[in-house]
Each structure stands twice: as C-alpha cells, then as structure tokens.
Amino acid sequence: MTTLTLSRALNEGLRRALEDDPKVLIMGEDVGKLGGVFRVTDSLQKDFGEGRVIDTPLAESGIVGTAIGLALRGYRPICEIQFDGFVYPAFDQIVSQLAKMRLRSLGHLSLPVVIRIPCGGGIGAVEHHSESPEVLFAHTGGLRVVACSGPADAFTMIQQSVRSDDPVIFFEPKRRYWDKGEVDTAASPDSWLPLGSARTIYPGSDVTLLAYGPMIRTCVEAAVAAAKDGRNIEVIDLRSLSPLDIGAIVGSVRRTGRCVVAHEAPVTAGLGAEIAARITEECFYQLEAPVLRVGGFSTPYPPSKLEEHYLPDLDRILDTVDRTFAY
Amino acid sequence: MTLVDPGWVHCQRRRVPAAVTRAAGTNHRPVTVIPATGPEYAREWHVAVDSDDAVAAAGLRRPDGTSGELIQLLTPEGERVEHPDYPLDVSADEIKGLFRDLVLVRRIDTEAIALQRQGELGIWASLLGQEAAQIGSGRALGPKDMAFPTYREHGVAWCRGLDPAKLLELFRGVSHGGWDPKEHNFHLYTIVIGAQTLHATGYAMGIQRDGAVGEDGEAAIVYFGDGATSQGDVNEAFIWASVSNAPVVFFCQNNQWAISEPLEKQSRIPLYQRALGFGFPGLRVDGNDVLACLAVTKKAMQDAREGQGPTLIEAYTYRMGAHTTTDDPTRYRLAAELEAWKLKDPVERVRAYLVRTGAADADFFAAVDAEADELGARVRKSCLTMPDPRPLSIFENVYAEPGPQLDWERERFAAYLDSFADEEVGA
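If you read the sequences in order, they're chains Y and D. For the record, in the first sequence the residue sitting at position 321 is 321 according to this note's numbering, with numbers rising by one throughout. For the record, in the second sequence the residue sitting at position 11 is 11 according to this note's numbering, with numbers rising by one throughout.
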C-alpha cells in the first residue's frame with residue numbers, strides 16, 4: 001500500500017497506461033512541461049516524450065476531434081479537458097462523433113478514447129470552473145461515463161478506462177485532488193472492481209445514500225455523523241454513471257426501503273431523477289418513502305462566495321435523509 | 001444557350017477593377033442586379049469570390065512562389081493545356097478511364113435521385129457537377145492513403161472501390177453507413193459539417209507517429225465544402241495540421257453554394273488564400289477539370305507523404321443540382337447561373353477531348369453508356385432488394401461492452417414485440 005493524493009494516483013495510473021501500451025497517448029492543454037493545471041500529468045512528457053504526451057493548441061473540439069482520428073489509426077488517446085466548463089466546445093465531437101462511430105460503422109470501428117474532465121465546485125474558482133455536466137454525457141448512448149471519488153479508485157479506474165474499447169468520459173473530483181488515501185499499486189488488475197460496478201463505501205441498514213465523485217466524502221462524513229445519532233446510512237459510490245449498476249442500487253434500497261441521491265449537479269433532469277425513476281419501478285413495494293434528491297439548484301453555478309450554499313453539504317444531506325423518515 | 005429568363009440578360013458578373021480593390025483579396029461585392037419587371041424574387045446575382053484580380057493587384061504569391069491562378073489542364077472546350085507547376089503524364093487510355101469514371105458516377109447519382117423520387121430513398125445528396133473534382137482527386141490517392149468524405153463524395157467512394165449499394169443504405173435509412181472504413185481506406189460519410197477535418201488531421205498525426213512519413217509514406221485527404229470553411233472544426237484542423245506538419249490534404253470543393261447561401265456569406269477572400277494565414281500552401285484548381293484535379297492532388301498528397309505537411313486545395317466547381325433532394329434551388333438562385341456552368345461540364349469536356357484527339361471512337365462511348373446502364377440497373381436492384389434492419393438491431397453496435405441499461409431495454413422491447421406473435425399467427 002502506498003499513500004497517494006488523488007492527483008498523484010491518477011498520475012501513477014496514467015504512467016502505467018503509457019507503459020503498458022505504446023499506443024496510449026495523452027493530449028490536452030498544458031499537459032506537458034506544466035504537468036496539467038492540477039499536475040495530474042506531472043513528468044509524463046519528460047518520461048514518455050512529446051510524441052506521446054502532447055501539448056495541444058487551445059481548442060477543445062480539436063482535442064477530441066484529432067483524438068478520434070488518432071483512435072481511427074489505432075491509438076488510444078487520453079484527452080484532458082482542463083475544466084468542466086470548457087468541454088462544451090467539444091460537445092459535437094463527443095456526442096455526434098465519438099459516441100456514434102461504432103454504430104455508424106456497424107461495429108467495424110472502435111474509438112477507445114478517454115476524456116478526463118476535472119469536475120465540480122468547492123475550490124473558490126471563477127465561473128466555468130466548477131460545473132458538473134455528467135448527465136449530458138450519461139444521456140448519450142455510446143458513451144461510458146464514470147467518476148472516481150478517491151485515490152484508490154482513481155488509480156484503477158483510469159487504467160480500466162484506457163483499456164475499454166468504448167469511449168469513456170472520466171470525471172475527476174477537483175476539490176478532492178489533494179485528498180490522500182491508500183493505494184495498492186501492486187494488486188493484480190484481475191482483482192480490481194469492474195469499471196461498471198458500484199461500491200458500498202459505508203454499510204448501513206436504515207437508508208441508502210447514493211452519490212459519486214466529490215460528494216462521496218461529504219456523504220461518508222454525513223453517515224458517520226448520523227451513526228452517532230443512531231441512524232445507519234448506507235453510502236454507495238456509484239462510480240459508473242452510465243451504465244448505472246442498477247443491481248447494486250436496487251439491492252440496497254430493497255433492504256433499506258429509503259433512498260437519497262446526492263450530487264453537485266442541478267437536480268432537474270439530473271442523474272438523481274433517473275435513479276429515482278428506476279428505483280420507483282424496481283422497488284415500489286419495498287419503499288417506505290419517496291426517493292429524495294439533494295443537489296445543486298437549477299441555476300447556473302453561482303459566484304464562489306455562494307457555492308457553500310449551492311453545494312450539498314453534510315447538513316443538507318442529513319436534512320434530506322431526515323425528510324425520508326418523515327413519511 | 002437558351003436564356004430562360006429575359007431579365008437575366010442584365011445579370012452580368014461584375015468584375016471589380018483591381019484599382020478599386022480595397023485590400024488584397026477583398027474584391028468581391030454582392031452585386032445587386034437591375035430589377036426586372038415580373039418576378040418578385042430578389043435579383044441578386046451570385047458572384048463567386050474570385051481572387052485573380054486581387055492577387056495580381058497585390059502581387060500575392062503562394063509560399064511556393066506561384067501565383068494564385070486557377071490551375072487548369074483541360075479547357076471547357078476539351079483542349080489540353082500545360083501548366084508549368086503541374087506536368088501530368090497521362091495516357092489516352094488513362095483519360096478514357098477517367099471519362100468512364102465520370103460517366104459511371106454520374107449515372108449512380110442519376111439513379112439515386114430517381115430512387116428518391118420514387119420513394120425508395122429518404123434523401124440523396126447529388127454530386128452533379130462535382131464529378132471531376134471527386135474523380136480527379138480520388139484517382140490521385142494511393143491504396144494506403146486514407147480518405148475522409150462528407151456525405152456527397154460518391155465519386156471518391158467509387159474510386160476507393162466501395163460498392164455504391166453501401167451508400168444507398170445510409171440514404172435509405174437502413175444504416176448510418178455501415179461499411180468498414182479500413183477495407184477501402186474510405187471513412188464513413190460525415191454529415192456534421194466539417195467535423196471530419198479533425199478526424200483526418202488526427203489520423204495524419206497517427207501516420208506521423210507510426211513513422212509512415214517519408215519514402216513510401218502515407219497521407220490522409222479530407223473533403224469538405226465552401227460552407228464548411230466557416231466551421232470552427234475546419235479552422236481548428238488547419239491549425240492542428242499546420243503546427244504538427246501533419247500529412248493531410250484539405251480538399252475543399254467550392255461548389256459556390258452552402259444550401260442557399262452563396263460563398264459571399266462565408267468568406268471575403270478566396271478560400272484557398274485562407275491557407276496562407278495558417279502557414280501552409282493553398283491553391284485553386286479548376287474543379288471541373290479532372291486532369292487538373294488529378295495533378296494537383298497527386299502533388300499535394302506526395303508532398304504530404306514526404307513530410308512537407310498539409311496543402312489546401314480549393315476545387316472551384318459548381319453544384320449543378322439541388323443541395324439534396326429536399327432542396328429547391330429555384331428559391332435562391334437563377335437558372336441562368338446553372339446554364340453558364342453547364343458550358344463547363346466536367347464530363348463533356350473530357351468527351352470533347354477524346355473526340356477531338358481521336359482517342360476514343362463511337363464504340364467506346366457506346367460501351368461506356370452500356371456499362372452505365374448496367375450499373376444503374378444494379379444500383380436500382382440493390383436498393384429495391386435491400387432488407388430492412390431487424391428491430392432489435394437498434395441495440396447492436398452501440399458499445400463494445402453492452403451494459404445493464406441496454407440489456408434491460410432490449411429485453412423489455414423484445415418482450416413487447418413478442419406480445420404480437422399470437423396476433424400474427426392468428427392473422
């Protein structure tokens with residue numbers, strides 16, 4: 001076991017991916033000498049060369065579009081979008097090109113492209129640097145969407161994403177980049193949890209709390225606090241946002257009878273809405289209360305002095321949990 | 001030439017004298033034409049953005065030192081002319097081969113339009129008028145080169161050996177293309193305007209990383225239209241290709257119209273001059289001259305393969321048909337413009353050359369026509385006998401590794417479909 005920050009764990013995972021397969025490339029803005037604005041690609045250009053760790057022109061559509069071309073040539077590019085709010089210029093290339101190429105070619109073409117996106121708020125940033133656009137991609141057939149929440153998963157999930165023959169949108173919780181955790185860098189990939197699987201982070205029996213990415217730490221803190229009050233919250237890290245590990249979700253909610261979904265993204269048509277609909281369908285007779293959501297408001301992301309009110313925190317999560325017990 | 005509209009005789013292209021040109025390359029003006037009595041449509045004569053005067057006035061030269069003239073090797077009258085920068089050693093048999101290509105792809109096009117009119121295709125994007133640009137460039141490619149088309153490159157598809165029936169699948173709604181791009185080194189049709197320029201550039205960056213530049217090298221060619229030059233992706237591709245010196249040729253068929261929008265809506269300078277600003281050579285070729293298109297594409301591809309980076313080719317041509325079968329060009333352009341371009345027909349000038357030189361006799365032309373008839377019949381038959389896709393194929397080829405969501409949806413939909421089985425048996 002090694003203690004690593006989430007950023008460092010990603011760096012180690014990327015290094016492994018580059019070592020394992022000469023076709024793996026990294027491309028993005030400032031990923032070379034600078035090592036990325038969050039240092040996730042630190043030293044990789046020095047060690048693998050400018051041909052494999054590519055400082056690109058400042059154009060997100062170009063990053064994804066040329067990555068598609070490289071993938072058509074047999075490469076496995078990992079694109080870094082510098083911040084969540086900058087992914088929109090690449091939206092056509094992701095949604096209309098990357099996601100659809102397999103279908104358009106009736107399976108003749110694979111595009112094993114990973115798009116890394118630092119996401120979420122909580123770092124006091126200016127606008128466009130704190131967004132949670134995951135549902136836009138989860139809504140798009142042909143893409144896999146995953147989110148890591150801590151160093152151990154970051155290390156394995158980035159490597160699994162690179163190995164996937166499907167395009168993967170890989171969300172990184174930017175306010176957790178500096179969180180430390182134990183990472184087993186020696187474990188065999190065969191022992192890793194599959195990329196599509198959810199993970200129970202904190203077992204409990206009273207209510208299921210579903211989250212992913214940056215909200216996991218907050219949810220676990222909420223569960224610890226609730227335990228002191230005698231309430232057993234089960235926290236599940238979804239990890240895969242598309243497809244959802246619906247089996248794990250349903251298994252937990254059928255036991256607890258209650259469910260809260262937490263995410264930073266606005267609740268309107270968010271992932272929580274989809275999850276609530278599926279749970280209603282699959283667990284109707286076990287539910288003791290409606291599935292409730294706690295998340296960002298249906299507004300643009302606010303100025304940073306307001307973000308503590310916008311982002312669900314421990315108290316808002318527990319308030320929502322309390323409300324499921326009011327039925 | 002028949003003047004179908006008496007008002008048209010006033011509609012003359014106005015060439016702005018170089019002396020009044022405001023700046024290099026900005027000599028275009030949307031020219032409002034003398035209003036005529038009668039029709040109420042706007043009488044704005046479409047003026048193609050033309051550089052010749054501006055280039056001459058400004059003394060502009062491309063990086064290779066040549067001027068920005070229209071490169072032509074075969075005049076509209078079918079006369080063979082030489083160009084100092086583009087010598088083309090081509091035999092009479094090869095020209096006959098190109099003529100056959102031109103006739104056959106025009107026939108595919110004609111047949112497809114007819115199939116659409118008869119309800120057998122949902123839509124068709126005609127290549128009428130652009131045969132020479134596509135055949136000339138398509139025949140310039142080597143087997144290892146990779147072509148990235150728009151949705152109108154039926155002539156390039158033909159050169160790459162793709163069965164025309166595969167094209168119909170897309171326009172009939174049976175698939176989104178579905179061919180294996182690796183089989184013929186011909187990528188899928190891309191419908192989002194300009195998106196494929198980035199794919200070609202990335203592919204060319206892959207060629208570089210494979211060490212496949214240099215002697216016996218490979219290159220990519222990407223097709224797009226005049227309207228696409230306004231797209232961010234195309235401009236990003238220019239930048240990417242330029243800074244990475246990627247082996248890619250940008251082949252722009254300037255057919256003067258982006259659906260209803262004339263070139264003036266896209267550019268104030270001739271398109272090939274855009275390349276200068278991005279740092280690689282651009283040139284304009286007579287897009288209705290199959291020999292010139294062949295020659296310039298051969299050279300640009302060879303330059304790319306040898307590591308000299310990208311070239312922008314502006315094939316100056318004309319969309320003689322509608323944008324697609326859903327379009328009605330009479331709403332936005334004058335029939336007379338088409339009549340003028342008919343005199344520059346890409347097929348007829350090669351026929352004229354072959355007749356003039358005695359390289360082909362009546363038997364040859366009859367044989368090509370017969371082959372075209374046969375091809376047309378085959379295309380028609382392939383369309384009419386094409387099976388519809390199975391309903392559950394909706395869920396196929398979405399993922400390499402399908403997940404629980406699609407499995408769940410497919411199972412439910414399959415059960416729903418099965419629920420009709422009894423009725424069908426009963427019926």
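Where hints are given, some of them may not hold.
Unchecked claim - Dumping the calculated SDA-like pairs for lysine to any residue here, alpha-carbon to alpha-carbon at most 25 Å:
#, chain 1, residue 1, chain 2, residue 2
1, Y, Lys33, Y, Ser96
2, Y, Lys100, D, Val243
3, Y, Lys46, D, Asn245
4, D, Lys182, Y, Asp21
5, Y, Lys33, D, Asp210
6, D, Lys381, D, Asp163
7, D, Lys144, Y, Leu106
8, D, Lys182, Y, Lys46
9, Y, Lys100, D, Leu406
10, D, Lys182, Y, Phe86
11, Y, Lys100, D, His176
12, D, Lys166, Y, Ser96
13, Y, Lys100, D, Pro404
14, Y, Lys33, D, Ser175
15, Y, Lys100, D, Leu162
Source of the hints: derived by calculation from the structure; they are not laboratory data.
Q. Which hint numbers does the structure go against, in order from smallest to largest?
A. 1, 2, 8, 10, 14
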